[in-house]
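Student: Under my numbering, think of the first position of the sequence shown as 367, with each following residue one higher.
No lab work stands behind these hints, which were simulated from the structure alone.
Take the hints with a grain of salt, since some may be wrong.
What the hints assert, rightly or not - BS3-like, lysine-lysine: derived pairs with alpha carbons at most 30 Å apart:
1. Lys442 <-> Lys547
2. Lys529 <-> Lys567
3. Lys567 <-> Lys547
4. Lys460 <-> Lys442
5. Lys460 <-> Lys547
6. Lys567 <-> Lys460
7. Lys442 <-> Lys567
8. Lys611 <-> Lys442
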Amino acid sequence: MMAGKSNKALMPAPASLSSPSSVSRFYCRTQNSQPRTDISNAFSDTVKLEVSRLSGAQCWSCLTTETEFAHVIAQKDGQVSCWIEAGLLPFSLKAVTNCIQLCPTCHAAFDRSDDPRWVFLPTDLNFFIRYEFEDRRRRAQADLPSSRIVPTAMDYRDHLTSKGLVPDDAIGGLYRGYYLKNFLCDGRLPIDFLRVLTAPKPWHGHPLAAIRRGIAILGSARCHALDQTTIDELAMLRDLYFDDKNLIHPHLVQLYHIPPAGDKRKRIDENTDNETDHHDEKKPKLATNTDNNRTVQDVGNSHGTRHIRSQATVSDTVQTDLYATLLLILRIPFACPTHSFSDENGPFHYVY
Numbered sequence: 367m368m369a370g371k372s373n374k375a376l377m378p379a380p381a382s383l384s385s386p387s388s389v390s391r392f393y394c395r396t397q398n399s400q401p402r403t404d405i406s407n408a409f410s411d412t413v414k415l416e417v418s419r420l421s422g423a424q425c426w427s428c429l430t431t432e433t434e435f436a437h438v439i440a441q442k443d444g445q446v447s448c449w450i451e452a453g454l455l456p457f458s459l460k461a462v463t464n465c466i467q468l469c470p471t472c473h474a475a476f477d478r479s480d481d482p483r484w485v486f487l488p489t490d491l492n493f494f495i496r497y498e499f500e501d502r503r504r505r506a507q508a509d510l511p512s513s514r515i516v517p518t519a520m521d522y523r524d525h526l527t528s529k530g531l532v533p534d535d536a537i538g539g540l541y542r543g544y545y546l547k548n549f550l551c552d553g554r555l556p557i558d559f560l561r562v563l564t565a566p567k568p569w570h571g572h573p574l575a576a577i578r579r580g581i582a583i584l585g586s587a588r589c590h591a592l593d594q595t596t597i598d599e600l601a602m603l604r605d606l607y608f609d610d611k612n613l614i615h616p617h618l619v620q621l622y623h624i625p626p627a628g629d630k631r632k633r634i635d636e637n638t639d640n641e642t643d644h645h646d647e648k649k650p651k652l653a654t655n656t657d658n659n660r661t662v663q664d665v666g667n668s669h670g671t672r673h674i675r676s677q678a679t680v681s682d683t684v685q686t687d688l689y690a691t692l693l694l695i696l697r698i699p700f701a702c703p704t705h706s707f708s709d710e711n712g713p714f715h716y717v718y
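Hey, can you work out the whole structure from these sequences and the hints?
Tutor: Okay, structure coming up:
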């Protein structure tokens, strides 16, 4: 008979684990673990049994056998409504697709909404970026307004299967865990052991649940524990998903994104003045030896043609050439910042 609403894993732990994943003997719980913000006891017994069947009875993060059922997106997540409005959460927070088994310590580290210490993400975020670009194209070509379509767990798995990274019968796509703080055993685990724990492995749930948690840590002081490419890809996904004025209240759009009529007229006048000044600067001026005590030079070229220019003009030319040389040496970028990514289909660029 079911044991009520216990948060412990329902399936018995295996007698032993094969090396090198036999890690339970190395595991030591941090004594001063912070309390969880959400104990996550809301999963039904049916959901717990299915998650145990799919994932076994190990902590997905550290592979120990004392596990709890954790929400990936917490029920108290204050931005759930924003993600639903954007068409990014086509699943229930109480479903199998939003559940992961974690030990109490990793669960506590994951549940700290104010300062998460651990997160897990799809290994191929580029797939989701390209998927969103394709879906934008589809929505733009539709005759009627069309809702966003996001890739499912099976879409992500099939993508990796096509690349030979997971078998056809895998429970889901590949994900990798990221320790934003080295909290296991108070940071005393050897690096080779951490490499085993953070190696990519399948997870059965919905990839957008993990991506939501990844985007949330971009505002954390610990986010730079992640590699820069992962940070850039998460930032790009955030912009692709939410840089949409349709998701912003009209009053806020008018307040922050549309300049008042007076400011617009003022900007037009300023631009007109600037263009006039720029036009005046382009008017040719006859150089003489009396203007501002400038010295006139008689300069010849290879064709025997002679022309006159002032010493000040010569000096300005030298300074301009020197400035151009410095720019060439320093290679100072003036273009908008871009990020480049590539996959089997070739490179593509994203301009902020």
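Student: Are the hints correct? Go through all of them and say.
Tutor: Each hint tested on the structure:
no.: 1; hint: Lys442 <-> Lys547; result: holds, 23 Å
no.: 2; hint: Lys529 <-> Lys567; result: holds, 15 Å
no.: 3; hint: Lys567 <-> Lys547; result: holds, 20 Å
no.: 4; hint: Lys460 <-> Lys442; result: holds, 12 Å
no.: 5; hint: Lys460 <-> Lys547; result: holds, 28 Å
no.: 6; hint: Lys567 <-> Lys460; result: holds, 23 Å
no.: 7; hint: Lys442 <-> Lys567; result: holds, 28 Å
no.: 8; hint: Lys611 <-> Lys442; result: holds, 26 Å
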